[in-house]
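**Q** Below are the chains, spelled out letter by letter.
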Amino acid sequence: MPVETINGHRVLEAVNAALDRHGASREELIPILNQVNQALGYLPAEALSEISLRLKEPLSSVLGVASFYSMLSTRPRGRHVVQFCESAPCHVAGGREVWETLREALKLATDETSPDGKWTLITASCLGICGVEPVVIIDDDVYGNLTADKIPEILARYS
Amino acid sequence: MRTIRSMVLVSNDLISMQRGAQDVYDRLQAEIKAYGLDQEISLAMVSDVGRHDALPLVIVYPEAVVYGPLKVEDVHGLVEEHLYKGRIVVNLQASNRELSGKIAWLNTRKGTLPAEQRIVLRRAGIIDPTNIEDYILNDGYATLGKALTYMTPAQVIDEVKKSGLRGRGGAGFPTGTKWGFVAKEKSPKKYVICNADESEPGTYKDRLILEGDPHSIIEALAIAAFAVGADEGYIYIRGEYKLAQERLKLAILQAEEMGFLGQNIFGTAFNFDLRIHCGAGAYICGEETALLESIEGKRGQPRTRPPFPTTHGLFGKPTLVNNVETLANVPPILLNGATWYRSFGTLSSPGTKVFTILGNVNTTRLIEVPMGITLREVIGIYAHGMKNGANFKLAQTGGSSGSIIPASLQDTPMDFDSFAKAGVALGSGALLICNEDTCVVDLAKVLLNFFRTESCGKCFPCRIGTQRACEMLEAIADGRATLKTLDQLMDLSTTLVNLSNCGLGQTAGTPLKDILTYFRAEVEAHIRLGVCPAGVCNTTEAVQ
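If you read the protein sequences in the order shown, they are chains A and B. Sequential numbering from 1 applies to the first sequence in the working numbering. Sequential numbering from 160 applies to the second sequence in the working numbering.
So here's chain A without its partners, still in its complex pose:
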C-alpha cells in the first residue's frame, strides 16, 4: 500500500479519518474528498486510489469527481493560495487593475505555483462575497474593496 508523507500528514491517515467520519459509501464521495483535500492541501494520486478501493468505485469516477469541483485540487499547491474573483461585478468595480498588479507582484499566471512553493495563484468564477468587490482571498483571509495599491502590503503579510 503506497503511503507518502505530505504536509506532515500521512495520506492513509487522512483517508481513514474521512471514511470514519462520513462512512464508506458512494454518496459521501464529495464530503470525503473535501476532507482529505483539506487535510493534505490537495488530493494526491495515492489518496484517490485508496478511496477508490475502499468505496469499491472505479478510480476513473473518483478522479472524475475530484477534477470536476473547483475546491478540490489534484495537484500540489503552494503554502499560500491566492484566489482572485474574475466575475463581472468585481471586474466592473476595478478588478482588472487588481488582477494585473497581483499577477505582476507574484510573477505567476493562472493556476501556477511559484518555484519556491510559496504561492499558488488561481482565478475563481465567483467567491460569494459580492458587495465588497473586487475581492481576493488568500488562504482563508478575505480582502474586499481592493485597490491595486493595497496589493504589495497585503502580500507582505504572508511568509
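Watch out, some of these pointers could steer you wrong.
Claimed, not checked - The calculated lysine-lysine pairs, modelled on DSBU-like cross-linking and capped at a C-alpha distance of 30 Å, are:
| # | chain 1 | residue 1 | chain 2 | residue 2 |
| --- | --- | --- | --- | --- |
| 1 | B | Lys244 | B | Lys546 |
| 2 | B | Lys348 | A | Lys56 |
| 3 | A | Lys56 | B | Lys244 |
| 4 | B | Lys244 | A | Lys150 |
| 5 | B | Lys401 | A | Lys150 |
Unchecked claim - Here are some of the chain A residues that sit facing chain B, going by a computed Cβ distance under 8 Å:
| # | residue |
| --- | --- |
| 6 | Gly23 |
| 7 | Ile30 |
| 8 | Val65 |
| 9 | Ser70 |
| 10 | Ser87 |
| 11 | His91 |
| 12 | Glu104 |
| 13 | Lys107 |
| 14 | Glu133 |
| 15 | Tyr143 |
Simulated from the structure, these hints should not be mistaken for laboratory data. All C-beta atoms in this analysis are idealised placements derived from N, C-alpha and C, irrespective of residue type, glycine included.
Please arrange chain B on chain A, whose structure you already have, making use of the hints.
**A** Leaving out everything else, chain B in the frame of chain A:
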C-alpha cells in the same frame, strides 16, 4: 443609512434639450446642493414623458407635481419653495394634463415613494440566528404547527398556488404548481431539497437569508415535505458559504432537540429528517438536476430532461427542488394568507424580490422591495444615484444568467412578465449597474469567460460554443474581427439558446444577443473604426 425623500426628474427628450433642459438640470443640481439637500433628494433625467406642450418639464415625486415649461431662472425659487420649504409653486405648474409616456405609471404611486418591504428578510438582523427561542418568539414554527394540525397537504398547496408565488431562482416557475406535480406522484419515498448553491456572481440574497434566519428555511422545508408527502430533505449549500453552513447545522440540531424535525412532529404522524450537503465549488450545481447528481456523489453534470425531478429526482425518486428565497416566502404566505401576499408586487408576479445592487453607484447594497419596481427607482432611490454623477449605461441582471439591459429599458417594471415582454430576463436578483466607462464587448468577454469556465462539458453546443464565443469576442476587442464575425456571433447565440442541454448554455447566448441588439453600433465601432468607444479595449493590440 441615507433616505431619499424626493425624486426630481427633468425631461431630456430632443425638444426639451433644445429648450435648455441641460441648463435647468445643472442649475437644479447646484441649487439642491446649495440648500444642502443633495443627501435627501435624487435628481435624474428622464426621456419620453409623453407630453410636449410645456417642455422642459421638471417632475417632483412623491407629490407627482409637474412643472413646465421651466426656465433656468425659475429653478432657484422652485428649489427654495418646493424642495426646501415643501410648498408647491402653483404658478410654475404645467397645465393639468396627464403624462402618457414611459413614466406615466409613476403617477399611480402619487404620494408614496416605493418603500422597502421585508417579507423573506423580516427577521434577518433582528433576531439572533443562533438562538431558536428568538425565532420561536417571532412566529417561528407557528406556521408549521398550523399546517400540520389545521390543514391538509392539499390545502397547503392550494394556498401556495393562490398566492401566485413564483420561483425566485431565476426561472419564475409557479411554486404551487411544482408542489402539485410532486404531491400527485405515488411513491413511498420522496425528497424535498433546498437549492442554496447560490453561485451567480453578484447575488448574495440567499446567503443573507441563511445567515440571518436559518430556521425559516428549515420550517419551510418541513412544510413543503408535509405538502408533497416527503419525509427526507436536503439543503444543498454552496461550499464557500462557511458561516451559513455553521448556522444551518446548529439550527438543525436545535430544531431536532425541540422536536420540529424528526419523528411525530407536533404530535402528528408526520416525520421529517433534514441533512446538509455542502458543495465543492461548481456553478453548474445550481442547476437542479446537476445538484441531484452532486448529492449522489457524482460530477455535477445536468441530466437530460424529461423526466423532470418532480417524477425522477434524487436517487430516482420524486423530488421537489426550491430556491432559498422561494422557500422563505412560504411560512409568511401560510400564516397571513394568499390574499395578504397578493397585496404586494404586481398581478402576475406577487410578493417581493430581494435585489443586490452592485457596480458604479453610490451605495451598493441589498434591498427587498415589491415586484414591479423599476431600475430608475433602484438607482435613484436605493443606490443613491450613479457614482460621480456619471450616466447610467446598462444594467446586467441576475448574476451571469440574466440580460444586459440598456438605459432605454430602465422604466420597465421589474417582474417576470414585464421583463419577458421586453425580451430580457430578471435572473436571480443581482443588478450590476454600469456607467459609460463600461465597454459592452469587454463585459460580454467577462461573462462568456465565466460560462466557458463553468460549463460542465457534457453537451457540445455549450462546451464548444462558449469557447468559440470567447475567441470571437476577443477578436472584436483586439480589432481582428470583421463584420462577418458579428453574424457568426449572432448565429452562435441562437445555437447556444436552442441546443444547449441546460440553463447554463441557454443563458450563455443571452449576453451575445443583447449586445448585438442594443449596442450594435458600439460593437461595430471596434471593427469598422478600430476604436473602443468606452476606451477599454486595446483594438490595436493585434495590429503590428
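**Q** Hint by hint, note whether the structure agrees.
**A** Cross-check of the supplied hints:
1. Lys244(B) with Lys546(B): Status holds; Cα separation ~28 Å.
2. Lys348(B) with Lys56(A): 26 Å, holds
3. Lys56(A) with Lys244(B): 79 Å, violated
4. Lys244(B) with Lys150(A): 46 Å, violated
5. Lys401(B) with Lys150(A): 26 Å, holds
6. Gly23: Where the cut-off is 8 Å and the nearest Cβ of chain B is about 11 Å from Gly23(A), the hint is violated.
7. Ile30: 5 Å, holds
8. Val65: 6 Å, holds
9. Ser70: For Ser70(A), the interface hint holds, since the closest Cβ of chain B sits about 4 Å away, which is under 8 Å.
10. Ser87: For Ser87(A), the interface hint holds, since the closest Cβ of chain B sits about 3 Å away, which is under 8 Å.
11. His91: 5 Å, holds
12. Glu104: This interface hint is violated because 17 Å lies over the 8 Å limit.
13. Lys107: At 22 Å from the nearest chain B Cβ, Lys107(A) fails the 8 Å test, so the hint is violated.
14. Glu133: Holds - the Cβ of Glu133(A) comes within 8 Å of chain B, reaching about 7 Å at its closest.
15. Tyr143: With a minimum Cβ separation of about 15 Å from chain B (threshold 8 Å), the hint on Tyr143(A) is violated.
Of the numbered hints listed earlier, those contradicted by the structure are 3, 4, 6, 12, 13 and 15.
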